[in-house]
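Asker: Sequence order for the protein chains is A and B.
Numbering-wise (this note's numbering), the first sequence opens with residue 1 and increments by one.
Numbering-wise (this note's numbering), the second sequence opens with residue 1 and increments by one.
Derived by calculation from the structure, the hints in this document are not laboratory data.
In this text the structure is predicted, and so the values were computed from the model without any measurement.
Hints may be right or wrong, so weigh each one.
Said to hold, decoys possible - As a list, the in silico DSS-like pairs of lysine-lysine whose alpha-carbon atoms are at most 27 Å apart:
no.	chain 1	residue 1	chain 2	residue 2
1	A	K60	A	K217
2	A	K201	A	K178
3	A	K60	B	K60
4	A	K104	A	K217
5	B	K178	A	K178
6	A	K60	A	K175
Number of protein chains: 2
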Amino acid sequence: MPHRSDIGRLSPREIRYLIRSGTWDAPTPGLAMGYAQANVVILPARYAFDFFLFCQRNPKPCPVLEVLEPGRFEMDSFASGADIRTDVPRYHVFRRGRLEDTRKDIRGIWQDDFVTFFLGCSFTFEEALLRARIPVRHIEEGTNVPMYITAIPCRDGGIFHGPLIVTMRPIPEDKVAKAVQITSRYPFVHGAPVHIGSPEKIGIADLSRPDFGDAVKVRQGEIPVFWACGVTPQAAVLNAKPDICITHTPGHMFISDILNEELATF
Amino acid sequence: MPHRSDIGRLSPREIRYLIRSGTWDAPTPGLAMGYAQANVVILPARYAFDFFLFCQRNPKPCPVLEVLEPGRFEMDSFASGADIRTDVPRYHVFRRGRLEDTRKDIRGIWQDDFVTFFLGCSFTFEEALLRARIPVRHIEEGTNVPMYITAIPCRDGGIFHGPLIVTMRPIPEDKVAKAVQITSRYPFVHGAPVHIGSPEKIGIADLSRPDFGDAVKVRQGEIPVFWACGVTPQAAVLNAKPDICITHTPGHMFISDILNEELATF
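Go ahead and model the full structure; you've got the sequences and the hints to work with.
Answerer: Here is the structure:
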């Protein structure tokens, strides 16, 4: 596998080719900087309307970037020449809500009724925060972002239901307003924070014990700021226990041809 | 029927009750100011995923505010106590793409598989333009907004396809930037203009001959500014010729409990 720094300047299409050929099967942060990476959820068509509805009703955790028609695995403007069956580094296969398999290719289990959803990912706004010299602690510490299950329920969408899951980034008090402004520009990648300040107000008992990812240090003078997280729809899918569902594995995202700035509001 | 000025201060719920009881069956502009009014499209469930996809891929003309599950006609937070079968002043019933009937109530033809889509409407941003002293010509002239079929195709979504349809408002040159800023705050009600300046560049031959609505005067020193229009999804539905489709009639919108400001970005 090439070193991350060797492929940092490749285009999304070139990186997708490395992924497809099996040359790259590691996490995707830092690759194709400036381009939007996406969460992937693949479901049989009979669940697709309900899942679409769940996303529509919970746009902060589930910002839909693109959806493919039943059976369709190739894309045009969203990711030129891409194939969703091969172009994600690693896939999780869930059956009836249980993780059954991790794969590098899903051509062997592809079904003609599969509908693919691409949802925005916080990498987009983290890049914008860093450009404005707002620290992103888990990147500084080289760990995965801490994620917490909140006491805030999502709105149900058909069979899909579950709690809002959030990420946390500690922000210096004098930069919280700026962090809100910057992330507000990206409504399609989770947008503005859902809570600022008190973890206990949203049902988080202990910041040092995240439900997923790794704890990060909150320093003196920093405020914990919470954003809606793309794990929320995955959890809702697990609750609904569809016969089959395929997702990317955490951190192993789909890299689109959409520029982060194309997703920004003014 | 009460005079418009007599009911101007009623709440959305109170106005919906007047509509349901048959007391009000006229256009809804100017009612429940401050609250979002919505375009309505009702389709059998077998078409719902495709229509959802069409809206997702064309968010400027088709900004989805809410969707109801198959068969559901009552709402909660979107419009407390509302019933979509009775709470629109007038409905159009289309069969295989042809207008067949205009009704004040659709309880008699309601189907258990009907899915209701509510799409944002430009009344929201017109109110914001007026608050900033930006003239809205068709309101000044007391006519319907001029609408034009453009040469810009929408992205297809399943069986749904068609051209982008736009509205036009002439804006004084020194207020065009402000008009862009204001409408950019409302991405769920068509948002920023899709074109500024040259009608012929988007396939409009003659501003004085709109395809729908009424022509308005463009004065010296004004620039024609074009916004995506909520008639776009209706035209796509007519092209697709579903067995049945029910919409509001033009200007006779559904009045929600959502504040326009709740739909605004920062």
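Asker: Does each hint fit the structure? Answer for all of them.
Answerer: Now the hints, each set against the structure:
For the suggested pair A:K60 and A:K217, the alpha carbons sit about 25 Å apart, so the restraint of at most 27 Å is met. For the proposed pair A:K201 and A:K178, the alpha carbon gap of about 23 Å is at most 27 Å, so the pair holds. For the hint linking A:K60 to B:K60, the alpha-carbon distance of about 19 Å falls within 27 Å, and the restraint holds. Proximity of A:K104 to A:K217 is assessed by CA-CA distance (about 34 Å); at most 27 Å being required, the pair is judged violated.
Pair hint B:K178 plus A:K178 holds up; C-alpha atoms about 23 Å apart against a cutoff of 27 Å. In summary, the hint linking A:K60 to A:K175 is supported, as the alpha carbons are separated by about 22 Å, within the 27 Å threshold.
Checked against the numbered hints listed earlier, the structure breaks hint 4 alone; every other hint is satisfied.
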